[in-house]
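Visitor: In case you want the letters, here they are:
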Amino acid sequence: MDISETEIILSMGEDENTRVILGYLESIEDGPRFMKAARQISKTKPIIIIKSGTTGAGAKAASSHTGALAGSEHAYRAAFRQSGIIHAESMQALFGYAMAFAGQPLPKGPAVAIVTNSGGPGILAADACDRSSLQLIPMRKETADRLREFLPSMASVYNPIDIIGDASDERYERTLEVILKDELVHAVLILLTPTAAVDPEAVARKIVGLASHANKPIMTSFMGDKRVRGARRILQDHGIPTYDYPEDAITAVDVMLCYRQWLEEPDRQYERFEVDTRKVREIFASVIKQHRHDLVESEAREVLKAYGLRLPESCIARTTEAAVRAASEIGYPVVMKIASPDVLHKSDMGGVRVGLETDAMVEEAFFDITSNIQIRQPEARILGVMVQEMIPQGKEVILGINRDIQFGPMIMFGLGGIYVEVLKDVAFRIAPLSVEEADAMIHDVRSFPLLRGVRGELPVDIGAIRDALLRLSQMTVDFPEIIEADINPLIVCPEGKGAVAVDARITIQE
Amino acid sequence: MVSVYVGSTKGYSGKNLTVMGIGQRFLKDGLKVGYFKPFGRLPVKIEGMLTDKDAWFIHRVLMLKDPVEMICPVVLTQDLMVEGCRTGVQGLQEKVLDAFESISKGKDVVLVGGAGTIESGGFLDICGFDLIEKLNARVLLVDHYEKEFYLDAVLDVHGRLGERLLGVILNNVQAGYVEIIQDMIIPLFERKGIHVFGVLPNDGILGSVMIADIVEALAGDVLCCRNKTDSLIEHFLIGGMQVDRALEYIIKTRNNAVIVGGDRADIHLAAIEATTQCLILTGNLYPNEIVVSRAEMRGIPIVVVRDDTYSVAKKVEYLSRKLRLREKEKVYCGIRLIEEKVDFKRLYQALGIVV
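In order, the protein sequence lines correspond to chains X and H.
Under the working numbering, the first residue of the first sequence carries the number 1, and numbering increases by one thereafter.
Under the working numbering, the first residue of the second sequence carries the number 1, and numbering increases by one thereafter.
Because the hints were derived from the structure by calculation, they are not lab data.
Among the clues, some could well be false.
Quick list of in silico lysine-lysine cross-link-like pairs, BS3-like style, CA-CA up to 30 Å [stated by the list, open to error]:
(1) X:Lys289 - X:Lys346
(2) X:Lys346 - H:Lys228
(3) H:Lys315 - H:Lys10
(4) H:Lys95 - H:Lys107
(5) H:Lys105 - H:Lys28
(6) H:Lys28 - H:Lys228
(7) H:Lys328 - H:Lys228
(8) H:Lys315 - X:Lys346
(9) H:Lys315 - X:Lys289
(10) H:Lys328 - X:Lys346
(11) H:Lys65 - H:Lys45
(12) H:Lys134 - H:Lys10
(13) X:Lys424 - H:Lys345
(14) H:Lys328 - H:Lys314
(15) X:Lys45 - X:Lys141
(16) H:Lys10 - H:Lys192
(17) H:Lys53 - X:Lys346
(18) H:Lys107 - H:Lys53
(19) X:Lys346 - H:Lys45
(20) H:Lys107 - H:Lys345
(21) H:Lys53 - H:Lys95
(22) H:Lys341 - H:Lys328
(23) H:Lys314 - X:Lys346
(24) H:Lys53 - H:Lys105
(25) X:Lys424 - H:Lys228
(26) H:Lys315 - H:Lys147
(27) X:Lys289 - H:Lys314
(28) H:Lys45 - H:Lys134
(29) H:Lys95 - H:Lys32
(30) H:Lys314 - H:Lys10
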């Protein structure tokens, strides 16, 4: 009988003697079931997984090993994140995290205090904090005053707290006593480099003594080899994580904090919109009947409309005269685009004109668009030219659907143009999306501040993006036959003004 | 004044090139040459005037002086297409005749460029057969030899045109077929009274495609060596095999481009080492930096396209069938080929022209 990763997680979840679940994964048999199990178990104990085969070369090796297809890296990352799984990037991280979770309580907040007998490692740890979600808060006055009572004047009582090179185990102990009492400190990192004045093993024993009644995580990094070996053994034997370098310790605390936030996350809320599934089913049936996979633009528009997305007013014009008429009915300015099932990359082929403000401009655009396609893609069937309302100023974002072989439908979000194409600044989640997940993915992209508005710009309607993401998510769950779709771009207007899907592509499979 | 209609029984057979080749020779022999294309399908505006892209190019290659609007009196725009179907368009034949009259003034010979096939334009009442009659033209058919279908098609045209059909030029004939043509086809045609004015062998350069055209047709993204995109590709290879095999295959093939998935770094590097002319990466997958920098060092353009490998292969196949007229090297190669392989003495005789 085959035992899958899902069953293992479930049984380890129930096992009272297991505090932390560690895993090495090459592939997953049933993505949705795995996610469901992980989501349930990770609420009671941490699951840390290293996934191999996330890169192209790794996937090739993994597939020949297990005979299973390795899912894309994006899908794994999204699935892990959405089910509370802690993703270890390396074996070192896997065991480093395990050590932290197994031996220490979770931090109650992001504030870290660093105690060191040497400046350099302290600064490195501070840098690592800065790159994480942790904060290096300055010690409050009472704590600083108490430290000053016994620390030499050369020492720094702020954070990192540098108790300088001549520190003995006693100085470490007294410093720790003060810091552990400070409720504003959520985690402590103790760094030690061997000096003539310090006995590492004595320091380790002092830490062990204090740790037993500290209710916050204590991490250590004793650097050096032979001289700290004994001390590290003492720490490890008492469940105090000790790392080769300070950065690893900081990362472990960061991961613990993320896990705590996962535990505290409220139950997800799923919103269901009223949509016209019948309409969509009809469109898909007719496409399949014609043995097509790609929906033409008008069909894609109908589908999105049925799911409540706002689309610009538009109409297909077969002749110049009809285009001018349509433009004046819609109202200037307008956008014009080639309408052809054979032209997938319209603007690349010269099939798009924007900002047309007069009849003459529409006439010219009609000629240019149809001639460009006739010249560049003579085999393309031209249905006419789509004349469309020009969407007011806004930010362009891209929404997409992709079907992952192991996890099923995946939703993508990113800012349009170079942000997606060049910087690959995108966020992925496995559908169905909860309201919180939709929000989180919008915040996830690095270019998010551009949506909130920079240099005096108005913020865009982020609620409208969330709404569109949720509607897409619902659509992909309702219609598993959608294998790929994108709304590119969705123009998001200033706050309260909504968002408009300008161009859409949908590919389905029977 | 005589007029010669250059037509074909199938599209993309080499009509434009034949017109240019014959036109050049006529000019060289001191004839006053006129050219026009009654019906064009590639609408462009030159100095605000509607004309056909290919016709305009030929007009310039032959360095003719006729007004732009006369070069192609009927251009199939979207509007004309719709109107032609919905209600029909009156007066197109007259338009063609007026243009012909203007072009033919003071000329010894007018070359009339056919569109598509000799039947094209029928839905607008201006198909080749109609116009040949109206223009009192003699006809030269240019076609690729494709088994007996071709013979039937030519004999059918002969049956309809009779004496007006001067003869044929066979284009793009593979090396192995030349003998069959001499042995079987020419005797058949000559017996029926159809002259064979020339047999143009298949030519690597003529069938080649400029990298820039591939980029345009596939809406590709050029990652490096943009200045090398004017090179011509004669062969396309699909890099689907193991690296060692691919290497062998690439080295053996002249002026090739390799079409391969964007994630096959092994093939990319092998192709670069084997100095392919161009790497076409499919599936909108971008290669890693090492590949790009190696290609840059070797001066090999990398083009990333969105289509999958099969669609790309289909599209480039189509491209190589169609002669892109802006490739000068190809045009002059074609003109030279016609000069060498067409029996002009016999053509002049058939046209009754003395030079």
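Visitor: Can the restraint linking H:Lys45 and H:Lys134 be considered satisfied, given a maximum Cα separation of 30 Å?
Guide: holds (27 Å)
Visitor: For X:Lys424 and H:Lys345, compute the direct alpha-carbon distance and say whether it is at most 30 Å.
Guide: violated (65 Å)
Visitor: Next pair to validate is H:Lys53 with H:Lys95; report whether the Cα-Cα distance is within 30 Å.
Guide: holds (19 Å)
Visitor: Straight-line Cα separation of H:Lys95 and H:Lys107 no greater than 30 Å?
Guide: It holds: about 19 Å lies between the C-alpha atoms, which stays within 30 Å.
Visitor: Next pair to validate is H:Lys10 with H:Lys192; report whether the Cα-Cα distance is within 30 Å.
Guide: Status holds; Cα separation ~21 Å.
Visitor: Between the alpha carbons of H:Lys105 and H:Lys28, is the straight-line distance 30 Å or under?
Guide: Holds: H:Lys105 and H:Lys28 sit about 20 Å apart, inside 30 Å.
Visitor: Quickly compare the C-alpha distance for H:Lys328 and X:Lys346 to 30 Å and report which way the hint goes.
Guide: holds (29 Å)
Visitor: For the pair we were handed, H:Lys107 and H:Lys345, check the Cα-Cα distance against 30 Å.
Guide: holds (20 Å)
Visitor: Does H:Lys45 lie within 30 Å of H:Lys65 when you go C-alpha to C-alpha?
Guide: It holds: about 17 Å lies between the C-alpha atoms, which stays within 30 Å.
Visitor: Compare the distance between the alpha carbons of X:Lys346 and H:Lys228 with 30 Å, and conclude whether the hinted pair is satisfied.
Guide: holds (26 Å)
Visitor: Starting from H:Lys315, check that the Cα of H:Lys147 is at most 30 Å away, please.
Guide: At roughly 24 Å apart (the allowed maximum being 30 Å), H:Lys147 and H:Lys315 satisfy the hint.
Visitor: Taking 30 Å as the top limit, are the C-alpha atoms of H:Lys341 and H:Lys328 close enough?
Guide: holds (20 Å)
Hints 6, 13 and 15 from the earlier list are contradicted by this structure; the remaining hints agree with it.
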